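*Asks:* Sequence:
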Amino acid sequence: MRGGRLTWLATAVALLLAHALPARAAADADPASDVLLLQDIFVPQSPPPTQSLVSQLRALTAEAHKAGFPLKVAVVGTNTDLGGVPQLFGQPQRYAGFLGTELTGATGHKQEPLLVVMPQGFGTFQLGPSADAALKGVSISKGSNDDLIRAAVAAVPKVSAALGHPIKAVSGGGGGSSGAPVAVFVLPVLVLIAGGLILRRRGRDEDLEDEDDEDGDEPQDARRAGAPTEPAS
Numbered sequence: 001m002r003g004g005r006l007t008w009l010a011t012a013v014a015l016l017l018a019h020a021l022p023a024r025a026a027a028d029a030d031p032a033s034d035v036l037l038l039q040d041i042f043v044p045q046s047p048p049p050t051q052s053l054v055s056q057l058r059a060l061t062a063e064a065h066k067a068g069f070p071l072k073v074a075v076v077g078t079n080t081d082l083g084g085v086p087q088l089f090g091q092p093q094r095y096a097g098f099l100g101t102e103l104t105g106a107t108g109h110k111q112e113p114l115l116v117v118m119p120q121g122f123g124t125f126q127l128g129p130s131a132d133a134a135l136k137g138v139s140i141s142k143g144s145n146d147d148l149i150r151a152a153v154a155a156v157p158k159v160s161a162a163l164g165h166p167i168k169a170v171s172g173g174g175g176g177s178s179g180a181p182v183a184v185f186v187l188p189v190l191v192l193i194a195g196g197l198i199l200r201r202r203g204r205d206e207d208l209e210d211e212d213d214e215d216g217d218e219p220q221d222a223r224r225a226g227a228p229t230e231p232a233s
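Start counting the sequence shown at 1; every next residue gets the next number (this note's numbering).
Please note that a few of the clues may not be correct.
In silico DSS-like links for lysine-lysine, alpha-carbon gap of 30 Å or less [what the hints assert, rightly or not]:
| hint | residue 1 | residue 2 |
| --- | --- | --- |
| 1 | K168 | K110 |
| 2 | K110 | K158 |
| 3 | K168 | K158 |
| 4 | K168 | K66 |
| 5 | K142 | K168 |
If you're looking for bench data, these hints aren't it; they were derived computationally from the structure.
Because the structure is a prediction, the values reported are computed rather than measured.
Let's have the full structure, built from the sequences with the hints guiding it.
*Replies:* Here it is in structure tokens:
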């Protein structure tokens, strides 16, 4: 029984590592590619941008989806936002090609329209000249991460309309700051904890089964040995 449990545990750990290690390595290489597999926007992590601006940008990409235009947006404030490819900071068009290729390879989708926003300008992937022309009317202030997100908020409706998918304006939510969703980082930890609890419970159940089997195999004579004898009449 114990050998079977250990084999099961080793297999489970191996599977978890096989899934966790490639994801962690990919995150170190390019954080935006991991985040954009789960949602439509990537924003700088430090300093965290204002929540209302992030909510507004997220709502705009949701409207674009409803209009048949699944646009993803990567806002990059510094080279640290690029993980293992910091050399692409300051080259929004080159980075857009790099990130877009990563996304299409990971999802298997032929079309992954992408907008990149850096202090140095915009980069696009699978958007075409109409989008490039629309972006010429959008300025980027080089003051803060909030300024970059404001530029993205201004750019998304223009790009969407230029490609034949007009969307309505949206307002932001509450204040505060925000980075990538907590679920992106917490979910793997919760999976590991849940797996550990399941293994622990399974181990206890198997130990109880072992004890029951041992009790069941004990000879009746041995169990009677300690029983009190009735006095002779």
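*Asks:* Could you run down the list of hints and mark each one as holding or not?
*Replies:* Status of each hint after checking the structure:
For the proposed pair K168 and K110, the alpha carbon gap of about 27 Å is at most 30 Å, so the pair holds. Restraint check for K110 and K158: the C-alpha separation of about 23 Å stays at or below 30 Å, so the hint holds. With a C-alpha separation of about 11 Å, the suggested pair K168 and K158 falls inside the 30 Å cut-off, and the hint holds. The suggested pairing of K168 with K66 holds, with an alpha-carbon distance near 11 Å, which does not exceed 30 Å.
A hinted pair counts as satisfied when its Cα atoms are at most 30 Å apart, and K142 with K168 qualifies at roughly 27 Å.
Going down the numbered hints, you'll see the structure goes against none, and every one checks out.
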